[in-house]
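So you can see what is in the structure, the chains are spelled out below.
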Amino acid sequence: MPSSPPEPPVNRQTHNRPMSPSAARHHLGSLAKFLVIALLALGTVSLLLLALGISPATIAITLAKGSILSWQKFGHVLSIFSPLLLASCGLLFTFRAGLWNIGVEGQVVLGAIAATALLRQGSLGLPPGLVLCAAMLLAFVGGGLWGALAGWLKHRGGVNEIFGGLGLNFVAQGLILWLILGPWKRAGIASMSGTDMFARELWMYTPPGWRVAPAALALALAALLLSALLLLSTRFGLRVRAVGLNPLAAPLFAINPARTALAAMILGGGLAGLAGGLQVAAVYHRLLPPISSGYGYLALLVVMLANSRVSPVAPICLFFAALAAGAIQLPIALQLDSALSGVIQGSCVLSALFVHGWRQRLREAR
Amino acid sequence: MKQFTTCVRALALSCLLLGAGAGAAAAADYPFGLLMVGPANDHGWSQAHFEAGQVMEKTLPGAKMLYIDKVNPADRQGITVPMLVDDLVSKGAKLIIANSDDMKDGVREAAQMHPEVKFIHVSGDDALTGKAGANLSNLMGRMEYGKMMAGFVAAMTSQTGKIAYLGPLVNAETRRLAASAYLGAHYAWTKVLKKPEAELKFKVSWIGFWFNIPGVTSDPTLVTGSFFDSGHDVVISGIDTTEALVVAGQRRKEGKAVWAIPYDYRDACSAAPDACLGVPYFNWIPGYTKMIGEAIEGKWQQQFLWLGPNWAAINDLQTTSVGFMPGKALSADNEKALGEFQKALAGGLNLFTGPLYFQDGTPFLSAGIVATDEQVWDLTQLLKGMEGASK
Numbered sequence: 314m315p316s317s318p319p320e321p322p323v324n325r326q327t328h329n330r331p332m333s334p335s336a337a338r339h340h341l342g343s344l345a346k347f348l349v350i351a352l353l354a355l356g357t358v359s360l361l362l363l364a365l366g367i368s369p370a371t372i373a374i375t376l377a378k379g380s381i382l383s384w385q386k387f388g389h390v391l392s393i394f395s396p397l398l399l400a401s402c403g404l405l406f407t408f409r410a411g412l413w414n415i416g417v418e419g420q421v422v423l424g425a426i427a428a429t430a431l432l433r434q435g436s437l438g439l440p441p442g443l444v445l446c447a448a449m450l451l452a453f454v455g456g457g458l459w460g461a462l463a464g465w466l467k468h469r470g471g472v473n474e475i476f477g478g479l480g481l482n483f484v485a486q487g488l489i490l491w492l493i494l495g496p497w498k499r500a501g502i503a504s505m506s507g508t509d510m511f512a513r514e515l516w517m518y519t520p521p522g523w524r525v526a527p528a529a530l531a532l533a534l535a536a537l538l539l540s541a542l543l544l545l546s547t548r549f550g551l552r553v554r555a556v557g558l559n560p561l562a563a564p565l566f567a568i569n570p571a572r573t574a575l576a577a578m579i580l581g582g583g584l585a586g587l588a589g590g591l592q593v594a595a596v597y598h599r600l601l602p603p604i605s606s607g608y609g610y611l612a613l614l615v616v617m618l619a620n621s622r623v624s625p626v627a628p629i630c631l632f633f634a635a636l637a638a639g640a641i642q643l644p645i646a647l648q649l650d651s652a653l654s655g656v657i658q659g660s661c662v663l664s665a666l667f668v669h670g671w672r673q674r675l676r677e678a679r
Numbered sequence: 033m034k035q036f037t038t039c040v041r042a043l044a045l046s047c048l049l050l051g052a053g054a055g056a057a058a059a060a061d062y063p064f065g066l067l068m069v070g071p072a073n074d075h076g077w078s079q080a081h082f083e084a085g086q087v088m089e090k091t092l093p094g095a096k097m098l099y100i101d102k103v104n105p106a107d108r109q110g111i112t113v114p115m116l117v118d119d120l121v122s123k124g125a126k127l128i129i130a131n132s133d134d135m136k137d138g139v140r141e142a143a144q145m146h147p148e149v150k151f152i153h154v155s156g157d158d159a160l161t162g163k164a165g166a167n168l169s170n171l172m173g174r175m176e177y178g179k180m181m182a183g184f185v186a187a188m189t190s191q192t193g194k195i196a197y198l199g200p201l202v203n204a205e206t207r208r209l210a211a212s213a214y215l216g217a218h219y220a221w222t223k224v225l226k227k228p229e230a231e232l233k234f235k236v237s238w239i240g241f242w243f244n245i246p247g248v249t250s251d252p253t254l255v256t257g258s259f260f261d262s263g264h265d266v267v268i269s270g271i272d273t274t275e276a277l278v279v280a281g282q283r284r285k286e287g288k289a290v291w292a293i294p295y296d297y298r299d300a301c302s303a304a305p306d307a308c309l310g311v312p313y314f315n316w317i318p319g320y321t322k323m324i325g326e327a328i329e330g331k332w333q334q335q336f337l338w339l340g341p342n343w344a345a346i347n348d349l350q351t352t353s354v355g356f357m358p359g360k361a362l363s364a365d366n367e368k369a370l371g372e373f374q375k376a377l378a379g380g381l382n383l384f385t386g387p388l389y390f391q392d393g394t395p396f397l398s399a400g401i402v403a404t405d406e407q408v409w410d411l412t413q414l415l416k417g418m419e420g421a422s423k
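If you're matching them up, the sequences are chains A and B in order. Residues 314 to 679 (our numbering) make up the first sequence, in order. Residues 33 to 423 (our numbering) make up the second sequence, in order.
So here's chain A without its partners, still in its complex pose (with noise of 0.2 Å):
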């Protein structure tokens, strides 16, 4: 039996109560975090580069240009912002519940496939935004039932959802390939290039200009606006909570939290599941084997950085989005590699984590 590994960063404050004075001192407390995380990361990330003999702001400068600078690759930041917001949110309620979850990729690669079971058949003689929208819900459920699988194992098998879900992350990955080499490939072709474009109708609509599709967007921030007010202000937000703080002593107030657990492995699956099946129908237009972008892994980052808090969520999403999107101006621009942005979305999350353990250590002196 490996020993348990240590709980996710769940924060212990209380948010939706009146502002106190304790209340306004932590929220200054809050920014006064963020300001030295910030300061920290970014002192790093700037001796990195000019240890290597890069001026930290051409670099700014050049991720600026290509992210935000105009509406176009803002476009680009969203469409990269929106499937990583969705699978973000997945995963607050189970780091919220005391999960590690790190089974999140593969609940994004369910979603996608789940999506395109239906998206492959063409639109079958119904309304096209119908078929979007139960392959929407499909991928929901393709999700879902991933987090439930890892939720199982780990309430009846006994596994740990991180080797739960390390191992169904694999399984996923064998899933995708076997059904893009075996019964989904192109006519006469076997290529990692993926399944056939899905009938131009079941493309989620981008209006001429845009890059991103609004209903993928809409999607994700009504994701956001659900989560939020699920886990904030409804007794089932509590109960997560509850367990992840404190899983023994959750019966006492008679939650079950091995449901609850599930509940919260279901629905973060579930959101994981949708940003799979926007990877499909709103980006690729095709499944293929890194489908998944590696968002379900950028959003474990996402929310360890935020804390497992809400708020911090979506800039964070929006940030990593445009670090995204942004380096691809450094071959082109510099001839930089572009994983210099994963250098710098490494920096914040190891500042973050930083600050966080040494706060909890002065927290714990005191």
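Just so you know, these hints were derived from the structure itself, not from any lab. Built from N, CA and C at the ideal position, the CB exists for glycine as well. Mixed in with the good hints there might be a few duds.
Unchecked claim - List time: in silico BS3-like cross-link candidates among lysine-lysine, alpha-carbon distance up to 30 Å: (1) Lys288/B - Lys368/B; (2) Lys90/B - Lys322/B; (3) Lys378/A - Lys126/B; (4) Lys498/A - Lys233/B; (5) Lys423/B - Lys498/A; (6) Lys498/A - Lys96/B; (7) Lys331/B - Lys123/B; (8) Lys368/B - Lys322/B; (9) Lys423/B - Lys102/B; (10) Lys123/B - Lys285/B; (11) Lys498/A - Lys416/B; (12) Lys322/B - Lys378/A; (13) Lys233/B - Lys285/B; (14) Lys163/B - Lys498/A; (15) Lys331/B - Lys90/B; (16) Lys233/B - Lys378/A; (17) Lys223/B - Lys235/B; (18) Lys423/B - Lys194/B; (19) Lys233/B - Lys288/B; (20) Lys331/B - Lys194/B; (21) Lys498/A - Lys235/B; (22) Lys378/A - Lys123/B; (23) Lys96/B - Lys322/B; (24) Lys227/B - Lys96/B; (25) Lys226/B - Lys194/B; (26) Lys322/B - Lys227/B.
Claimed, not checked - Partner residues are not named here, just some residues of chain B that face chain A (Cβ under 10 Å, in silico): (27) Gly65; (28) Leu98; (29) Gln109; (30) Met115; (31) Leu120; (32) Pro200; (33) Arg207; (34) Gly240; (35) Trp242; (36) Asp251; (37) Ser262; (38) Ala421.
Knowing the structure of chain A, use the given hints to seat chain B on it.
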């Protein structure tokens, strides 16, 4: 007042500078974009494109290359071909080259989004099938000849009669190239060496993509190793990178008599010269010069260009689109035989001549019939005598 004149002077100066800048831009500006599926220094397919692009910058007036390499969904997660085209166009690119079959869908979509920009999709056939608008052309080299030469030297050199082909993914292009290698080997084995057909074994294994993607494709290093372990002594590479040659080089250091034939790039043998029988390569300079040159002169027209070798000077970079660079491990006798073979091809020898059968035994070409370009381009199966998956 003094302040005012200073302002005017500053304004005049900046106008002058701005004007000078704009003038310079107008005089020498034909930026073109190059999207490469692999790294620009892969010693293979992408590097051949990259270097041809650099030559264009020197030889065509005003041409300036903007490039992005590693354009594939595994290396650039979440980034699509239309996104990159947007980027290149916003940087001024007037023509964009996409160098991979993998980009077919993305290029078609981008060409619709940017009707004012010209597109060259290398290895595709949208211009032929009518799936593309007038701003999308196709370019390819007749690598069938290069692969025939590769198959020829493989069979001439092999001691076991077992030749392996390290294939990328399965499609019409890769089938026709593997089949061409087989036909070259078959010719050398039966016509030059006069050995029985049944003693020649030709095995094809597909890894799944043009290069290794860990966890997604089969590992070409392992596949090549298993070819050698199972008695094959020459591996012909059909993928964009040099793993087959590198493994052959390692095995030779262990004292094994094995060889490899890389692909795509003129200097690919340098990865392990002692194991290299030669390399069939693409030279994109003639094709690029024609297509980009015409675009610069305002004479662009949609076309499907399938350019062959210059038989008079097969390694002349100004004129040949497909070449074969003999390797250090090719014996003098076999190099001489290769020369004879090249002369025969130049003189009209066509190995896609019947009787030929498909792998499943159905007839492809009856006796004496020569395949049309379309039949070769769209080859639907491997040929009889080849072992490996056809689809």
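Now the hints, each set against the structure:
1. Lys288/B - Lys368/B: 25 Å, holds
2. Lys90/B - Lys322/B: Distance of about 15 Å is within 30 Å: holds.
3. Lys378/A - Lys126/B: Given pair Lys378/A, Lys126/B holds - Cα atoms ~20 Å apart, limit 30 Å.
4. Lys498/A - Lys233/B: Given pair Lys498/A, Lys233/B holds - Cα atoms ~29 Å apart, limit 30 Å.
5. Lys423/B - Lys498/A: Given that 30 Å is the threshold and the Cα spacing comes to 10 Å, the pair holds.
6. Lys498/A - Lys96/B: Distance of about 39 Å is beyond 30 Å: violated.
7. Lys331/B - Lys123/B: OK: Lys331/B and Lys123/B at ~23 Å, within 30 Å.
8. Lys368/B - Lys322/B: Roughly 33 Å separates the two Cα atoms, so the pair is violated.
9. Lys423/B - Lys102/B: 26 Å, holds
10. Lys123/B - Lys285/B: Given pair Lys123/B, Lys285/B is violated - Cα atoms ~49 Å apart, limit 30 Å.
11. Lys498/A - Lys416/B: 24 Å, holds
12. Lys322/B - Lys378/A: With a Cα-Cα distance of about 34 Å, the restraint between Lys322/B and Lys378/A is violated, given a limit of 30 Å.
13. Lys233/B - Lys285/B: Holds - the C-alpha atoms of Lys285/B and Lys233/B are around 25 Å apart, at most 30 Å.
14. Lys163/B - Lys498/A: 20 Å, holds
15. Lys331/B - Lys90/B: Holds: Lys331/B and Lys90/B sit about 20 Å apart, inside 30 Å.
16. Lys233/B - Lys378/A: 56 Å, violated
17. Lys223/B - Lys235/B: Status holds; Cα separation ~20 Å.
18. Lys423/B - Lys194/B: OK: Lys423/B and Lys194/B at ~22 Å, within 30 Å.
19. Lys233/B - Lys288/B: Measuring from Cα to Cα gives roughly 19 Å; hence the hint holds.
20. Lys331/B - Lys194/B: Distance of about 50 Å is beyond 30 Å: violated.
21. Lys498/A - Lys235/B: 23 Å, holds
22. Lys378/A - Lys123/B: 11 Å, holds
23. Lys96/B - Lys322/B: 16 Å, holds
24. Lys227/B - Lys96/B: Distance ~53 Å between Lys227/B and Lys96/B Cα, so the pair is violated.
25. Lys226/B - Lys194/B: Status holds; Cα separation ~16 Å.
26. Lys322/B - Lys227/B: 44 Å, violated
27. Gly65: Hint on Gly65/B: holds, closest Cβ of chain A at ~9 Å, below 10 Å.
28. Leu98: Hint holds; Leu98/B Cβ to chain A Cβ min 6 Å, cut 10 Å.
29. Gln109: Since the shortest Cβ distance to chain A is 4 Å, the answer is holds.
30. Met115: 5 Å, holds
31. Leu120: Interface hint status for Leu120/B: holds (7 Å vs cutoff 10 Å).
32. Pro200: 8 Å, holds
33. Arg207: Holds, about 9 Å.
34. Gly240: 5 Å, holds
35. Trp242: Cβ of Trp242/B sits 9 Å from chain A, so the hint holds.
36. Asp251: 14 Å, violated
37. Ser262: 22 Å, violated
38. Ala421: Constraint on Ala421/B satisfied, holds at 7 Å.
Consistency with the previously given hints fails for numbers 6, 8, 10, 12, 16, 20, 24, 26, 36, 37, ordered from lowest to highest.
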